[in-house]
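Residue 198 in this note's numbering is what sits at position 198 of the first sequence, and the numbering runs on without skipping anything.
Derived from the structure by calculation, the hints contain no laboratory data.
Careful: at least some of the hints might be erroneous.
Below are the EDC-like pairs computed for lysine to aspartate or glutamate, each with C-alpha atoms no more than 16 angstroms apart in a straight line [stated by the list, open to error]: (1) 231 with 243; (2) 148 with 70; (3) 512 with 483; (4) 404 with 446.
Taking CB as the label site, the calculated pair distances span [what the hints assert, rightly or not]: (5) 282 with 327: 24 to 34 angstroms; (6) 175 with 239: 16 to 26 angstroms; (7) 357 with 181: 34 to 44 angstroms; (8) 133 with 332: 33 to 43 angstroms.
Beta carbons are placed, not taken as given, at the ideal position from N, Cα and C, and that holds for glycine.
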Amino acid sequence: MNNTQIARMFADIAALLQLNGESVFKIRAYERAAETIGNLSFQLTDVAADAEKLRAIPGFGEAITSKVQEIAATGSLSYYDRLKAEFPVGVLDLMKVPGIGPKTALKATQELGIKNLSELEMALESGTFAKLPRIGEKSAANILRHLKHRMSQGDRVPLGEAMPEAARVMTALQAACPGVRNLGFAGSLRRGCETVGDIDLLCTADDPAAVIAAFVSLPFVKDVMESEDTKGSIVIDGALQVDLRVTADDAFGGLLLYFTGSQQHGMRLRERAQQMGLSLNEYGLTDAATGRMETFATEEAVYRRLGLPFIPPEMREDSGELEAASQNLLSHPVEMEDIRGDLHSHTDWTDGKAPLAEMVASAKSRGWQYLAVTDHSQSQTVASGLNAELLREHTRAVRGLDAKSPGIRLLAGTEMDILPDGSLDYPDDALMDLDVVLGSIHSAMDQSRDTMTARIIKAMHSPHVDIVAHLTTRLMKRRAPVDLDFDAICRVAVETGTLLEVNASAERLDLKDAHVRRAVELGVAFAISTDSHRATDFLDMRYGVQIARRGWCERWRVVNTLPFEELRAFLSSPKSERYSLLARITGAPRA
DNA sequence: GCCGTTTTCGGCCCGACTGTTTTCAGTCG
């Protein structure tokens, strides 16, 4: 069983315990365990034999540890099975509908015999549901509305879709309301989660009511869910919900911290505040003894008051950041401003949509100091991959343009297929002349875990393969990742001096956050690249940086934070020397 | 069920909304 499945099982246990009327603290313990497991950077089943290691995970005590061990050993959990058997079929599904909690779900299954969501829909429409205690017509109508919305729209929206929508709303609001200050997004969007449920916007203004009025009457508003003095909620075309909160400048820090989350991170902060005799809420800190309220203009000030350094939003998942921060051991993750260039891009030589010159001009206008042009190799016939002869021409074209392009340097490269048996799509002599070689899986993606792992490892042993691009080949919501032994691949990456790519393309986000976190632990270095096929795709770099930050990846591990001359020195040195070279150039902490 | 620069026992985050109620239970973020 993988972490996702185990996390779901613990979340189910928490829900079932709610039905049981168990202590909220016990419930919270299982909820926290589920969250923690979901964010873990390694597979639980791999370390389950080692009880010490399990106990070291925050929130893992005796009970949770032994349950995880049982799952790892047997593939199931008797406690879970017993618990589940105590309740009618369908309660857990019902509880996932907004507005239905444990009490209502239990009554609906016991008294109305509802077993699934379509029976729920019927009961809501026929009016029988509204007869349940503490439910009336209004509650039933609300639940029905949520249910239909859920059934029609699915659930969460990919980061790459939500971010441009957020930008669109903010631009329009700023234009409609020039007095708005500090306008920005919070929530899972700010934390860089790969999918988001809705968009949370925050700002400050002298006249909040006027801002809300402007917000709910923006041109693309499809529906207004809420409109009050300091908060509004709208649905925009795409069925995406956008919430806005307005506050005063001197209270912005508390509000931003509160609405950025994560919920678990916030809970831990409030516990910490409480231990200091303070009470933390979205408005600020209250001294429990004197009742005096303190407000904060910035998040930094709140953290400082709690005796902590600033914690980057992408790291606020209660996955060890508070423990690290309180000991001043929190690593400083790579930032967008650190990125100096892009090592993965395509042109109309293969399946890119724009000519070389246009891609280069766009990269330059984004402030990149360099761009690697890495069109596809010959096996990618659907992408009109280049044969060895065309690759030489391609290289000449890139070097020709490089000589005529002040302000940006070009690297001639290829995104070369790693063939099903692990051999390379070009002979060595075709690769020798290139500045950078990416190796990618584009075929035979259903190979077994062992075959796929051996295939990639074989390619990494080539002296020419500098970077393994989009390792797992997953496409957001469209294609599942390939099966591979990630730890083994990371170890060989370090051994051979191969980099792993954090593919920033909104459609990929591959590696994903948990992969980066694990790879960082194993000592891997990275390239964060956009895999751009259009001139506008370079904007996706921000997603890659966010994913890297979620994986606690420091600047020194990212090769495209290097200035051009140092990058070139890196790429022209033998692979076996590269990791130590990177550490030397960047002054990285010694392992 | 977890956890400890006050604690191995006695605590455990905070506020708001909604609708059904005669003072608050249930749900959410």
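Results for each hint:
1. 231 with 243: This hinted pair holds, its Cα atoms lying about 7 angstroms apart.
2. 148 with 70: Answer violated: residue 148 to residue 70 is near 39 angstroms, above 16 angstroms.
3. 512 with 483: holds, 14 angstroms
4. 404 with 446: violated, 44 angstroms
5. 282 with 327: 24 to 34 angstroms: Distance hint for residue 282, residue 327 holds at roughly 27 angstroms.
6. 175 with 239: 16 to 26 angstroms: holds, 24 angstroms
7. 357 with 181: 34 to 44 angstroms: holds, 40 angstroms
8. 133 with 332: 33 to 43 angstroms: violated, 54 angstroms
Hints 2, 4 and 8, counting from the list given before, are not met by this structure.
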